[in-house]
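Peer 1: Residues per chain are reported as follows:
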Amino acid sequence: MSNYFGNYSLYIALIASIYLIIKSYIDTNINIKNLNKNLVLITSVQTVMIIISFISLVVAFIISDFSNETVFNNSHTLKPLFYKISGSWGNHEGSLLLWLLVLSVFLYIFLLKSSSQNIKYRLLTLLFQQIIISGFLIFILLTSNPFNTVFPIPSEGLGLNPILQDPALAIHPPILYFGYVGTSIIFSTSLAAVVAGNIGDSWAKHIKSWVLVSWIFLTIGILLGSIWAYYELGWGGFWFWDPVENVSLMPWFCLTALLHTVIVLEKRNLFKEWTIILSITTFSLSMSGTFLVRSGILNSIHTFANDPSRGIFILSFLFVLVIMSVTIFFFNQKKLTSTIKNSFIISKETAILVNNWFMMFFLSVVLVGTIYPIFLEVLNGSKISVGPPFYHNLLIPFLIPFLVFMSFGPSLKWIKDKLKKFEYNLLIIFLASILISYFILINTEKKFLLSVPLIILSFYLLLVTINDFFNKKSSLSQKISHFGFSLLITSILLNGLFSNEFNANMKVGEERKFNDKVIKLNSVNVRDIDNYKSLKANFEIKNQNSFIQLSPEVRIYQQPFTITSEADIKTTLFSDNFLVFNILKDDGYYNVRYQYKPVMIWIWISTILISIGGLLSLIKKNEKKY
Amino acid sequence: MKKNIKFISLLLSLIIVFIILLKGLNVSKDYSNEKLNSKIDFSFKVKKLFNDEVINIEDLFNQEDLSVVNIWASWCVPCKDEHPNLMQLKDMNIKVVGINYKDNPKNAKNFLNLLGNPYSEIITDKDGTKSIEFGAIGVPETIVINGKTKSIIKKFIGPLSNENIIEIKSLINEKT
Amino acid sequence: MYGKKVKFRALFIFLILISIILSIFLVTKSLEENVVYFKSPTDIKNFTEVKNTEKIRVGGMVKKNSIKINDKEIFFIITDFKNELLVNFTGSVPNLFEEGKGVVAEGILKDKSFLNADKILAKHDENYMPPEVSEALKNN
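Protein chains in written order, with this note's numbering: chain Z, 1 to 626; chain X, 1 to 176; chain D, 1 to 140.
The following block holds chain Z by itself, in its conformation from the complex (with noise of 0.2 angstroms):
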């Protein structure tokens, strides 16, 4: 029943996005003063349809019908309600349906926020969110509709899967989803505003909230995975360079670097085809990922369908509309000149400039890694990955200059500026990060030669961001950003610098000695739980002033067969103890690894407080329009 309802709302769907795409492009070119009723009312026609296509999709997956190939493929009547739900995104079928929803919603609310905009600015917005739109319902109904069925009705499902049953796995995607597709948004405005030739200030105050609200989607998508690659995988980490990783991270790098370049826009009306560039290149890089991620053509340890039909679609779907912005900017370029201002080389202008500059830098560097094995594969046929060492040897040497502007560049006035001549109290900063940082670095043998710069800038800026809470220069949004992203980047290079770990294979009742720590295995208690086999570990780790004890557990389920390991890892203010193990074969020997993390928590918690920084800005811009 649901399946026909999801189906047919579908194909409603689509010719909803038809009517729309030819009747706003015949509008565009009439002069109309007033939108069309018709056009929003369709919109929403639209919107509920996918909807109750959604609702449909969430429904079969709920009451396990499996005469529905993506339920009958990906639920299981024993699996728990919430992973039932989250299983309906959880898969590529449904994911794209979620992705499809996404689109419309944001277009229907920009359509009721933006009335105050020019009418042919809307109508072409309208325009290419609906080729969007239709784009993504094709791409569904031929290649990956979630309501296929099968006859006869199976009686149990397929997909019982315990790896993919965790919390933060399940808000992961949609969540990741609301920034990825924010920044379509963000890409049919910016077309629209091009054509329409109303890109200037009053465009970049309206536009600024989409792109606040995507990124703020993207850094907590971002955040929540690799708390899932922490907790869940137990590889002891939180960012491994995957490709999966890094496909949401060049968005939002581009994001960034848009974000404080609207701001010029807004302010001094400047930089507008950097913009429109900025804003193109993000759509891209988010719909890319949708294509790298969904394709299968990424050699990575997350792996998704992988049906090359799909891939294609995506790829050509995704030329066809940057090979579509490319033209339209190229041919409205004209109405894009700003009129030149002076700007002076000392100015906030310049400092953002240079932020610009870093992030891209930064993001050059992550498409190149990510897909240069690509490239390489198919010019020579050799199969080459790209390890962790390529981004820290671009990376962590361009964060001293990034972290020296990050400093004193946000605090710079508009259009000219004096370099100050000597302020105090930054001096007694300065002095006081250097003495911090000796009393860091004095306990550690590893002295390598970056890590001395690195410690005391990340704390200056640090400092400094702090000391800026309080002057009046800023806005407290950005206050806390700053501040976040400082103690983020300080709590890494931390978290980097004093991190140890301990590998080794040990028998019941053995003990080992680690730094100052002895590791002991008290025992490994076997029972049978529900639909699994439970191998729970007690170790205890001593040293002079403290001890604790750990319990890691290894699971093994018979259907399907698997074998998870579960670290168990004790959180404190100042640092993580993680263990997990896991089985070898049968003669006694278990695999154990320990890590002592330090500041972990802190990596979590500044990277929401950055999140909270933009949520304040965007919720104070929504206060001043009422």
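Simulated from the structure, these hints should not be mistaken for lab results. It is possible that some hints are incorrect.
Calculated pairs, DSS-like style, for lysine-lysine (alpha carbon to alpha carbon, straight line, at most 30 angstroms) [as the list claims (entries may be wrong)]:
(1) K383/Z to K155/X
(2) K205/Z to K418/Z
(3) K45/D to K383/Z
(4) K585/Z to K110/D
(5) K101/D to K126/X
(6) K383/Z to K23/X
(7) K64/D to K148/X
(8) K620/Z to K416/Z
(9) K533/Z to K47/X
(10) K155/X to K63/D
(11) K585/Z to K68/D
(12) K507/Z to K101/D
(13) K585/Z to K72/D
(14) K6/X to K120/Z
(15) K55/D to K585/Z
(16) K102/X to K533/Z
(17) K64/D to K536/Z
(18) K533/Z to K72/D
(19) K585/Z to K112/D
(20) K383/Z to K29/D
(21) K520/Z to K119/D
(22) K155/X to K45/D
(23) K416/Z to K208/Z
(24) K383/Z to K82/D
(25) K154/X to K383/Z
(26) K126/X to K155/X
(27) K119/D to K570/Z
(28) K150/X to K68/D
(29) K23/X to K55/D
(30) K383/Z to K55/D
(31) K155/X to K80/X
Based on the hints, put chains X and D in the right spot on chain Z.
Peer 2: Then chains X and D, alone, in the frame of chain Z:
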């Protein structure tokens, strides 16, 4: 003029990237756990579909020759698509052992009555575990087994195409 | 006034160009140093020389009855059914590291028959075989 050159060169580089990514898609990425060359444990017992007789799986396969195994189910839509091709194998006098995967016996029998029975023998696999022994990951799947070494020599994931049929035929002719 | 603007613009373009060239140079250099090639045991057999500074990945199956464990290390043999490679490994193994299953080990080659690995790649589930492995097995 200068603008046009810029535009065209940008367009060209985009097209080159497109072509490379398109080719990248076709580079085969196989994610299956093919038990290639690995031996199959033939020590388990199975039940026949039509008369519920329990036999050793070993008895089904010709010790000296190649055997073809097809995993199918009546609820599996692609199985219906490959069915004519299986009938073609039957017409060529090639014996195919069917494994009926997670199926209702009544539906399975109806399926065969309706479309014809291409199999020399059919065994049931109610819980899907027998198919795993053959390294299967889904339905339909077709495996060619060397009875002497008890190893899988060829595996076709998804419905059999006409080319696959020719390949199976030539594999078997080669051997005999 | 106009002169100043032009000067600013020229300086700006100059800086952008310099920085682009610099980044291209750095990125290619880092790529050369940090790319990890994937090889099968047979590829290694055919090497003319062994570079023991360069990391490589080796994929294949863990040979039956080849895993030996002591309290620090794990030894096992990777095979592509044609040639074999002995691996010694210190570190944590992924779930489903088993004899007869596919595996990818990353490390430094000591000689043509011995790999000193520091990483064994994780797999999400039993149905997943690193694409590199199935490729290596197929080619042989």
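Peer 1: Each hint needs a verdict: does it hold in this structure or not?
Peer 2: Now for the hints, and whether the structure bears them out:
A threshold of 30 angstroms between alpha carbons decides the hint, and for K383/Z with K155/X the separation of about 24 angstroms falls inside it, so the pair holds. About 28 angstroms separates the Cα atoms of K205/Z and K418/Z, which keeps this hinted pair within 30 angstroms; it holds. Among the hinted pairs, K45/D with K383/Z is consistent with the structure: their alpha-carbon atoms are about 17 angstroms apart, no more than 30 angstroms. With a C-alpha separation of about 26 angstroms, the suggested pairing of K585/Z with K110/D holds against the 30 angstroms cut-off.
For the hint pairing K101/D with K126/X, the CA-to-CA distance comes to about 26 angstroms; that is within 30 angstroms, so the pair holds. Annotation: proposed proximity of K383/Z to K23/X holds, straight-line Cα distance about 15 angstroms (limit 30 angstroms). Among the hinted pairs, K64/D with K148/X is consistent with the structure: their alpha-carbon atoms are about 21 angstroms apart, no more than 30 angstroms. Proposed proximity of K620/Z and K416/Z is supported: the alpha carbons are some 27 angstroms apart, at most 30 angstroms.
At roughly 29 angstroms between alpha-carbon atoms, K533/Z and K47/X fall within 30 angstroms of each other, so this suggested pair holds. About 22 angstroms separates the Cα atoms of K155/X and K63/D, which keeps this hinted pair within 30 angstroms; it holds. Taking the CA atoms of K585/Z and K68/D, the gap is about 9 angstroms. The hint holds against a cut of 30 angstroms. Of the pairs offered as hints, the one joining K507/Z and K101/D holds, with about 24 angstroms between alpha carbons and a cut-off of 30 angstroms not exceeded.
Distance restraint check for K585/Z and K72/D: the Cα-Cα separation of roughly 15 angstroms lies within the 30 angstroms cut-off, and the hinted pair is therefore satisfied. Taking the CA atoms of K6/X and K120/Z, the gap is about 29 angstroms. The hint holds against a cut of 30 angstroms. Simply put, K55/D and K585/Z have alpha-carbon atoms about 28 angstroms apart, close enough for the 30 angstroms limit, and the pair holds. A threshold of 30 angstroms between alpha carbons decides the hint, and for K102/X with K533/Z the separation of about 24 angstroms falls inside it, so the pair holds.
For a cut-off of 30 angstroms, the pair hint linking K64/D to K536/Z stands: about 28 angstroms separates their Cα positions. Between K533/Z and K72/D, the direct Cα distance comes to roughly 27 angstroms. Compliance with the 30 angstroms bound is thereby established for this hinted pair. As the CA atoms of K585/Z and K112/D are separated by approximately 27 angstroms, the hinted pair is consistent with the 30 angstroms bound. For the hint linking K383/Z to K29/D, the alpha-carbon distance of about 19 angstroms falls within 30 angstroms, and the restraint holds.
Between K520/Z and K119/D the alpha-carbon distance is near 24 angstroms, which keeps this suggested pair within the 30 angstroms criterion. About 28 angstroms separates the Cα atoms of K155/X and K45/D, which keeps this hinted pair within 30 angstroms; it holds. Restraint check for K416/Z and K208/Z: satisfied, since their Cα atoms lie roughly 24 angstroms apart, inside the 30 angstroms limit. For the hint linking K383/Z to K82/D, the alpha-carbon distance of about 20 angstroms falls within 30 angstroms, and the restraint holds.
The suggested pairing of K154/X with K383/Z holds, with an alpha-carbon distance near 25 angstroms, which does not exceed 30 angstroms. At roughly 22 angstroms between alpha-carbon atoms, K126/X and K155/X fall within 30 angstroms of each other, so this suggested pair holds. With a C-alpha separation of about 25 angstroms, the suggested pair K119/D and K570/Z falls inside the 30 angstroms cut-off, and the hint holds. For the proposed pair K150/X and K68/D, the alpha carbon gap of about 28 angstroms is at most 30 angstroms, so the pair holds.
Proposed proximity of K23/X and K55/D is supported: the alpha carbons are some 28 angstroms apart, at most 30 angstroms. The hinted pair formed by K383/Z and K55/D meets the criterion: a straight-line CA distance of about 13 angstroms does not exceed 30 angstroms. For the hint linking K155/X to K80/X, the alpha-carbon distance of about 19 angstroms falls within 30 angstroms, and the restraint holds.
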